[in-house]
Amino acid sequence: DAKTTQPTSMDCAEGRAANLPCNHSTISGNEYVYWYRQIHSQGPQYIIHGLKNNETNEMASLIITEDRKSSTLILPHATLRDTAVYYCIARSEKLVFGKGTKLTVNP
Amino acid sequence: SQTIHQWPATLVQPVGSPLSLECTVEGTSNPNLYWYRQAAGRGLQLLFYSVGIGQISSEVPQNLSASRPQDRQFILSSKKLLLSDSGFYLCAWSSTVQGGYTFGSGTRLTVV
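Chains as they are written, first to last, in our numbering: chain U, 222 to 328; chain W, -17 to 94.
Be aware that one or more of the hints could be misleading.
Said to hold, decoys possible - Part of the chain U face toward chain W, derived, beta carbon under 7 Å:
#1 I260
#2 G264
#3 K320
Said to hold, decoys possible - What follows is a set of in silico ranges between Cβ atoms, one per label pair, in the way DEER data are often shown:
#4 U/A234 x W/G(-2): 47 to 53 Å
#5 U/T229 x W/G82: 42 to 48 Å
#6 U/D232 x W/G(-2): 17 to 23 Å
#7 U/A234 x W/T10: 39 to 45 Å
#8 U/G250 x W/V94: 46 to 52 Å
Hints in this document: simulated from the structure, not taken from any laboratory.
Heads up, the beta-carbon is just placed ideally off N, CA and C, and yes, glycines get one too.
Let the hints inform the model, and build the full structure from the sequences given.
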């Protein structure tokens, strides 16, 4: 699976959009981009995934660049409950977690 | 709907004691099952995965073992716990290896 690079931490104001970047410059054609988050002391929660096209669901939007070397997870209106570690994973098979981005949503 | 159960939620065990953590999945058949561990302040590490009864793959050598005696049951065991076995243990399942994973609520193990 391709290695991903994410910022260690980010801050966002409550009610504003949170844009979490992820670099996966070595991603191969059959690898999907998955996003999970882990709220403190809980199991990871699936957010969204995509291959080439941008994706949107009730939780978030995923924007993948045309060359697929990077992507951005967008939480359109962040709330305090969105404070968590967000993991970007480029995978073809098993889910292998990196260090993720610690997102803190501030009131 | 599918659900995943893990127990116990917390566990305190002395060094050298055995361990058995159980994970069961309901509402699906032939799931892929996974055990992860998260040591304090560390990332999630995949320990074992299973694509079928009796089929176990180990990702890292360690003091732990896994078994899948039934289709929807996954057990993590140790004969003698070490202090370094402390951590947050998570079970997960997926319908395919490439599919999305659903995680259980985890077991927080403290070895003393």
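Quiz item: Taking the CB of U/T229 and the CB of W/G82, does the distance hold inside 42 to 48 Å?
Solution: Given range 42 to 48 Å: violated, Cβ gap about 25 Å.
Exercise. Return holds or violated for the Cβ distance of U/D232 and W/G(-2) against the range 17 to 23 Å.
Key: For U/D232 and W/G(-2) the Cβ distance comes to about 44 Å; the hint is violated.
Quiz item: Between U/A234 and W/T10, is the Cβ distance one that fits in 39 to 45 Å?
Solution: 40 Å, holds
Quiz item: That 47 to 53 Å hint for U/A234 and W/G(-2) (C-beta), does it hold up?
Solution: With a Cβ separation near 50 Å, U/A234 and W/G(-2) satisfy 47 to 53 Å, so the hint holds.
Exercise. Have a go at the U/I260 hint: is there a Cβ in chain W nearer than 7 Å to its own Cβ?
Key: With Cβ-Cβ at 11 Å, over 7 Å, it is violated.
Quiz item: Between U/G250 and W/V94, is the Cβ distance one that fits in 46 to 52 Å?
Solution: Because 49 Å falls inside the window, the suggested range holds.
Self-check item: Cut-off 7 Å, beta-carbon criterion: hint that U/K320 touches chain W
Solution: OK, holds: U/K320 within 7 Å of chain W, min 5 Å.
Practice problem: Hold the hint about U/G264 up to the distance rule: shortest CB distance to chain W must be less than 7 Å. | Solution: 3 Å, holds
When held up to the earlier numbered hints, the structure conflicts with 1, 5 and 6 and fits the remainder.
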